[in-house]
Each structure stands twice: as C-alpha cells, then as structure tokens.
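Asker: Given next are the chains, with one letter for each unit.
2 protein chains.
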Amino acid sequence: MLPRPEPEVDPAQRVVDAADELFYARGIRAVGMDDVRTAAGVSLKRLYSLFPGKDSLVLAVLRKRHAMWTEGLTAAVESIEEPRERLLAVYDYLAEWFAEDGFRGCGFINAFGELGPTSPEVADYAREHKRSFQDQLAALVAEAGFDVSLAPQLAILAEGAQTTAAIEGSPDAAGHARRAAETLIDVAASLDPGVSDSRSRR
Amino acid sequence: MLPRPEPEVDPAQRVVDAADELFYARGIRAVGMDDVRTAAGVSLKRLYSLFPGKDSLVLAVLRKRHAMWTEGLTAAVESIEEPRERLLAVYDYLAEWFAEDGFRGCGFINAFGELGPTSPEVADYAREHKRSFQDQLAALVAEAGFDVSLAPQLAILAEGAQTTAAIEGSPDAAGHARRAAETLIDVAASLDPGVSDSRSRR
DNA sequence: TTGCGTTGAGAACCAACGTTCTCTACAGTA
DNA sequence: TACTGTAGAGAACGTTGGTTCTCAACGCAA
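In order, the protein sequence lines correspond to chains A and B.
The opening residue of the first sequence carries number 1 in full-length UniProt numbering; numbering runs sequentially from there.
The opening residue of the second sequence carries number 1 in full-length UniProt numbering; numbering runs sequentially from there.
No lab work stands behind these hints: they were computed from the structure.
Some hints here could point you the wrong way.
Given that identical chains are not distinguished, each listed pair holds provided it fits within a single copy or across any two copies.
Stated by the list, open to error - Subject to a maximum C-alpha distance of 20 Å in a straight line, what follows is the list of computed SDA-like cross-link-like pairs (lysine to any residue):
| # | residue 1 | residue 2 |
| --- | --- | --- |
| 1 | K54 | V42 |
| 2 | K54 | E82 |
| 3 | K45 | S56 |
| 4 | K54 | T38 |
| 5 | K54 | A30 |
From just these sequences and the hints, can you work out the full model?
Answerer: Right under this line is the structure:
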C-alpha cells in the first residue's frame, strides 16, 4: 500500500516535529518514546528504524530547532535596511516568539540544563547553537560599523530576555532588552566615528 | 535518644546540602533518592521521614539555594559604598560564581526547564526567586537615584550572563554584562538630574 | 495460490526509580 | 535478663520508560 502520490509527509520529519513539540512543552526526560510514537503516528519499529535511540532523536530535534531559529532570525533581519534597525529587529523577533502560545524559553538552554551533564553531545550542540547566534550578531554589528565588543553585550541581552520571559511568563522582557540594546547601540554610535549618524534620539 | 551534645549536623541540613550538590551537578531527574541517601549518609527511612517525597526535597533545595543567593548578593553589595559601584558589584558577584568549579548556570532556570511543566510548585518558586532578585536590583537602582526602568534591564543582563557563562563554559560573560551595565548606568546618570555625578568616564 | 519480505501493533523484557516494608540491632527501662 | 520502641540496612513492590521481539497482515513475484 501507500502508492499514494504524496506519502503524507516524510515520516522522519513527522517524528521530529512531534518530538520537538513534546520535548519543548514537557521537558525531554518527561516524554517517552511511546508518546512520540503516538503523536507522530508511526510504529515503534519504524521509529527505531528512523532513529537508533532517543539520544539520536533528541539531537535531530535540536538540529531542526537550530535551523528554524537561524532561518527565522535571518528572515526577520533581512527585511530591514537600516543597520541600527537590523540589530534591533533581533529583539522584535524575540518579542514575537515570546508572545506565542506555549513559549517556554530557549529549547537549547532547557536541553542543556536537563541533559547537559549526562550528554556531551547535547551540551556541545547547545554551545554550537549559541556560538552561531553570537556570530550572526557579530556580523550585524560589523556590518553596522560598530566595534565588535558590542556583539556579546547584545547577545547577553537576548539570552537574558529569553529566560526572563520564560520564567515570568510574560513577553515584557523583550521590550526591556530592546530598550537596553538601543542605549548600548547609541553609545557605540556616538563613540564610533565610522558610522552613519543614528543617535538623533533621546 | 540522641543525648549527644553535637548531633554531627542537622540531618535535614545534610540531606539538603547533598541533594543540592547532586541536583545541580547532574540535573534533578537524573538523581535518585538512593543517590541522595548515600551522599547524605542517612537511611532511606530517615530520608522519607525528613521529606515526604522527592518533590518536597526539591523544594527544600530550592529554598536553600534562594537563601544562599540572596544572602551572598546582599553581602557582596553591602561591602560597597558608592551607589554606582554597588550596582556593578552584582556583576562582580556573578563573575566569582561563574569561575567556581562546577558552575552550571542558574539552578532555578535549570529546575524550571526540567520540572516547570510538570511541577507548578517548582515553576512558581523559580518565578518568586527571580522576582525577588529583580526587587533587590530595583532597590539598588532606586537608592542610587536612577529611574526604576533601569532595573529590569540590569536584571536581564544578569540573567543572560548566567546562561551564557553556563553554556560557553567560560566566565567571560560576567565581564561583558558588567561593561554593558556600566554603559546603561552612565546613560541613566546623564539623564537623571537627581544623581551624584558619576559619568566622568568615557 | 504459495512463498517471501516488509510493516504495523503491541506484548515483552529489562533496568531504573520512587516509595514502602521487613527484619535486625540496640538503647533504655524495669 | 526480658520488653519495648526506634532506627538503620536494604529487600521488595509497583510503575515507568527505553528497547527489542513476536506475530499476524499485506503487497508482490512466480
């Protein structure tokens, strides 16, 4: 059977999507392979033929999350022209995310806290993800002509906003982070001679 | 019974200390009651007579962590006179913590990520803890005569530094957060007329 | 139709864990 | 010495979860 022109969707994709949702909502260890199986609508056998074990599924989920985050951020930033606004778009992107139903913080931080001590792979991948975000930010900062030392500061604001919004259960942190970022950027602009004047505020 | 002048230490304290160390190092779900029992050197019976279940032990550990954090921060801040420096002492306190062996991020964020979805008590307590930190910061900001809107921004920097330092495995984030805080404070000082001049830098 | 290979449903297996229970040792009292 | 209550050591119980195995259904080629 299954000569259907469209095999619904790639089963591996279905599994990863289902697992991602469950892991994020409940925590990874709280989700059994059986839950994933049920949510994805595949047999256990198939599940284990697609992913040799839970660890491997977790990594696949993290890879998917990383791709979605990176693409989403890139898209949010690319839609904007002005360098300063491009940097601030990061926090608007966060604000949208925080307002989503079921927002529960950064999946990588959560996974790191839960599995980091027992799974070097997870810990390493979380590190890589954060590093990649910092690189993205650093590129934007450089593009805008600011000193690169601004990048880690902006990154810390973004990280802090994520955990704060998660624990408070409110998206306010995105706004606070944005305003702090504006200040830091303005100061950087006023110190940096090679930058188009954009401190005509405040 | 127990006519010993010194009962070694309060067994409940020993249990909480041992559990705290294990939970923080390995993640809460990764630690069995048996591990706690062994590390604390008490019998299972005694363990369960002191704490009716693992949930209750987890809460006790969080309460202890909250007390230690709050006292440590208060002490770090109180040793300093100048209002601006008092605010920055928060980040020096973080820097010391990050440099400790086995630093693995904020225990409340970790617990929230791991148990938040399944334990409202843990989620609530994490919220309370962060709220209390924000209140401490807000008091320092008010004391220094700055606008209160500075407080959440400084809090976000502190949160971001914690997760960044944890995942990167390096204490650098404390320095970045401190420098960002300096900038934010300087700007706040330059805007706020009712503040002793402390922007004679940069 | 017969045999073959694949797949799905779920039973089964095994280990880990939270919690309770049993049994023994022993301190204190008469 | 006998009695009682308490506490420790750890066996036992029930559940859960990761993983594997069984078996029956089915598509397909001869």
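Asker: Does each hint hold? Answer for all of them.
Answerer: Now for the hints, and whether the structure bears them out:
1. K54 x V42: For K54 and V42, the Cα distance is within 20 Å only inside one copy (15 Å; across copies 35 Å).
2. K54 x E82: Neither: 44 Å inside a chain and 53 Å across chains, both beyond 20 Å.
3. K45 x S56: Cα proximity of K45 and S56: one copy only (15 Å, versus 39 Å across).
4. K54 x T38: within (15 Å within a copy, 29 Å between copies)
5. K54 x A30: both (12 Å within a copy, 16 Å between copies)
Hint 2 from the earlier list is the only one contradicted by this structure; the remaining hints agree with it.
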